[in-house]
Amino acid sequence: MTVEAKLSIAGLEKSFVGRKVVSVDRLEIGRHGIEGLIGPNGAGKTTLMGLITRKLKADAGTLIYRPGGTEIDLRQMSMDQVARAGLVKTNQVIQDFETLSIRDSLRLALAPAEREQFWTVFTKRRKRDAVEAEIDEILSHFPFENPNGDARSAGEKKLLDIIRCLLLKPKVLLMDEPTAGLPDDLTRAVMTLVQKKVAEEDLKVFIIEHDLDLIWDYCAHVNFLADGRLLCSGTPQEVKDHPVVVEKYMGVVDV
Amino acid sequence: MAYLYFSLALVAVYIGITLLLHLQFGRVGIVNFGVVGFWGLGMYAHGVFMVTLGLPWLVALLLATLLVGLFALALGALVLRLDGQSVLVATLAFATIVLHLVTTEKWLTGGVVGFGTIEYPFDFGAATEPAYLALILAFVAVVLVYALRLDSSAYGRLLSAIRDNEPLAHGLGKPTFRHKLIFFAVTSAGMGLFGGLSASLNQFLTPNMIAPGVTFTAWIALVLGGKDHPWGAIIGVCATVGLFDVFIETFAPIPADYALLVPNIKLMLYGAFLVVIMLYRPSGVLGGYGRRG
Amino acid sequence: MWLLTDSIYIGLIQAAPLILATMGFTLIYYLNGFINVTYAENITFGAYFASVFQTFLGFGFFVSIVPAVLLAGLFSVLTFVCVFRPAMARGVGPTEMIILSVGLSFFFRYGATLVFGNNPYFLENANPQYWTVLGKGITDTQVAALTLVAVVTIGLLFFIYRTRWGEMMRALANNRDLAEASGIDPARVSMLIWFIAGAAGGLAGIFFGVFALVTPLMGWNMILIIIMLSIVGGIGSVRGALIASVAAGILTAAITLVSQPLYAEIILLLVFIGVLRLRWKRA
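Residue numbers (full-length UniProt numbering), protein chains in the order written: chain A, 1 to 255; chain B, 1 to 293; chain C, 1 to 283.
Take the hints with a grain of salt, since some may be wrong.
[Said to hold, decoys possible] SDA-like mimics (lysine to any residue), calculated; alpha carbons at most 25 Å apart, straight line: (1) A:55 to B:84; (2) A:197 to A:243; (3) A:197 to A:31; (4) A:57 to C:278; (5) B:106 to B:211; (6) B:106 to B:178; (7) A:157 to A:235; (8) A:57 to B:54; (9) A:20 to C:280; (10) B:106 to C:260; (11) A:55 to C:280; (12) A:171 to A:20; (13) A:55 to B:167; (14) A:57 to B:254.
Note that these hints are calculated values from the structure, not bench results.
Since the structure is predicted, the reported quantities are computational estimates derived from the model, not experimental observations.
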């Protein structure tokens, strides 16, 4: 039995100053728990993710998202609507809210829209035990130096970025180079938690990564992108042995 | 004595608009250099609604506030996506347009001749001025309580997130532009409300009241006191408007020959203050948020 | 038809000082990347310097231009060396820089008011000559303004796009580190640019003053339009600033001919907000 894909991409194109950066004929995401996207630098991986989250506007093509039952045309939606619909992306470059503590940053991710309105400032504050418990639970997986203070190191900020996204309870989580800037043991801790969530909840993950060991270890399915085109996809073993991948990619990366 | 109440009411109005500027700039990072445009539009609209259309004081005040809010909404929709420099110049342009229109549309505003008389909403004899001061202070208190409560609320956290890193907040599913727009419109409408309150205070309105000096005074007060704290706005206004327009004008024995120089010296010192603060202590007397490091 | 020709004619004469001021302002914007509101005082001070030479020292109008322009350039360099360069070294951001420059602007404006008083000064050409060109009257002051503006404009464009100093300036503006690494001395280039910009502003102020009055607020009243033209012309593009200010001058003249000057400024400001918005959409 084939699982229906969460995200169906067809004929997706994007050009910058005349150069076609992404040109993907067909890509289905979400049939497997954790999927990988690999490819040389400049292959258009981050651009592809930007097109999916609507950070960038596609020149052509369709983006159909199925969070469960319903079909949503992502091209009608803004970036924040996409995120609220459960399609969330972690950042490659370290992003942070300078004046929010770690805990506040996570509360922000959990706060529902109706509590974040101009006039709710005057309404009586309820105790948010459930929220605090959820934050405590997720923080317990990671060794933050001071969870009630600020994220200090680059690693803590990167980790915080990923945790914020997980707290949004995404249906599809896009991860753009989660290992970049993160120590190895933390990467493993993150991936273990992600694996657990995928197993227990309705969550599919799509990862861009240059650390191929991580891809081979965690991904059930791998896609290879070069020059904006999807050149092959399959199980890790199939992709690893694919002649095109070997020729265009493996030669230049330390495996 | 009446003059002292007038001066104190002036301080209260400045505290009101500086608090609102704190909300816009300190809280969300919106660089509003058109404060006097919103304030002045509210003041003239209140006057026109009351005197020309004969509406009751409160109705005129609410309509004026609403009108300013709508203008802020339109301006915000046009420029709030742009960078800080563009927002600054566009809001300054808005205030200049308001000033010019008040000057040219004599049929509506009286032009340079002036417009009046806008009466107090009540007449308690000698107690009228103090009562009106109390009324303005009540509105200031509402803004202050709002600003203080924002600190620990979910909405305040969201605004901080937008100020710190808008794209990141957007990526977390927050409709950041809509929030900024609504916040800007409501706080600018608040400036219009204080403008409306100033109409009865001044009774007679002329275009030179809505010169850029008002915007500048609110900015120097906010930057001096500390843009990140509600109390900073209050301290800043007391140290500027309070010192020069109340303390010195009322109590300092300045010979008449020199009294004319005081406003110039005041604005020159404001300028010098601003330069020194921006150079050596950009977060003002009260300092910034607890940043790491 | 008369409206078109008269607008172009009056517009060019009135825009002459505006062109100078906008180009000077744009030079600084281009080189250092921030809006220098204190440039308003550069314009004002140029006019005051000239009227001091004329009123107190008895110089002729055209003679007093020379020292006044040099002093205005010097004033500009001083604001850079004493305030803006230290501020840049302290990492003050572009928005905060505007606030700082507004402060400095107020300091000088009201300082000047204390010295010169609120009453306007007059800058006059004592023996004006009236000529007729293409059926329209023109004074020798207006001819001088137009000629000087044309000469300065061509000189500036040549300087920026054709000389080694101009090349160094563009290198500095585009990539400071790279420019410094390739042996360009940023202090010397910056001081030269601030001098040229200040001198252009001073000259603009003198012509604003002679066409109208010299008051402490004259620069401040112009600065918003100058900032706007500089942004609309394409931030830091001296050619764009030139085109935008000529267009604004002609538009202002046309609207003024059919209604009044304040409406012209209102329309310019509305156009400006619209252009800002459109530019964002394209990006």
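How the hints compare with the structure:
1. Taking the CA atoms of residue 55 of chain A and residue 84 of chain B, the gap is about 21 Å. The hint holds against a cut of 25 Å.
2. A C-alpha spacing of about 34 Å is found between residue 197 of chain A and residue 243 of chain A, which places the hinted pair above 25 Å, so the restraint is violated.
3. At roughly 16 Å between alpha-carbon atoms, residue 197 of chain A and residue 31 of chain A fall within 25 Å of each other, so this suggested pair holds.
4. A threshold of 25 Å between alpha carbons decides the hint, and for residue 57 of chain A with residue 278 of chain C the separation of about 18 Å falls inside it, so the pair holds.
5. Distance hint between residue 106 of chain B and residue 211 of chain B is fulfilled; the C-alpha atoms sit about 17 Å from each other, no more than 25 Å.
6. Note on residue 106 of chain B and residue 178 of chain B: the hinted pairing is violated, with a Cα-Cα distance of about 37 Å set against a maximum of 25 Å.
7. Distance restraint check for residue 157 of chain A and residue 235 of chain A: the Cα-Cα separation of roughly 32 Å exceeds the 25 Å cut-off, and the hinted pair is therefore not satisfied.
8. This hinted pair does not check out: residue 57 of chain A and residue 54 of chain B have alpha carbons roughly 52 Å apart, beyond 25 Å.
9. Under the criterion of a C-alpha separation no larger than 25 Å, the hint pairing residue 20 of chain A with residue 280 of chain C is consistent with the structure, at around 23 Å.
10. For the hint linking residue 106 of chain B to residue 260 of chain C, the alpha-carbon distance of about 13 Å falls within 25 Å, and the restraint holds.
11. For the suggested pair residue 55 of chain A and residue 280 of chain C, the alpha carbons sit about 16 Å apart, so the restraint of at most 25 Å is met.
12. Straight-line distance between C-alpha atoms of residue 171 of chain A and residue 20 of chain A comes to about 30 Å, which puts the hinted pair past the 25 Å bound.
13. Note on residue 55 of chain A and residue 167 of chain B: the hinted pairing holds, with a Cα-Cα distance of about 9 Å set against a maximum of 25 Å.
14. A distance of roughly 66 Å separates the Cα atoms of residue 57 of chain A and residue 254 of chain B; the hinted pair therefore is violated under the 25 Å criterion.
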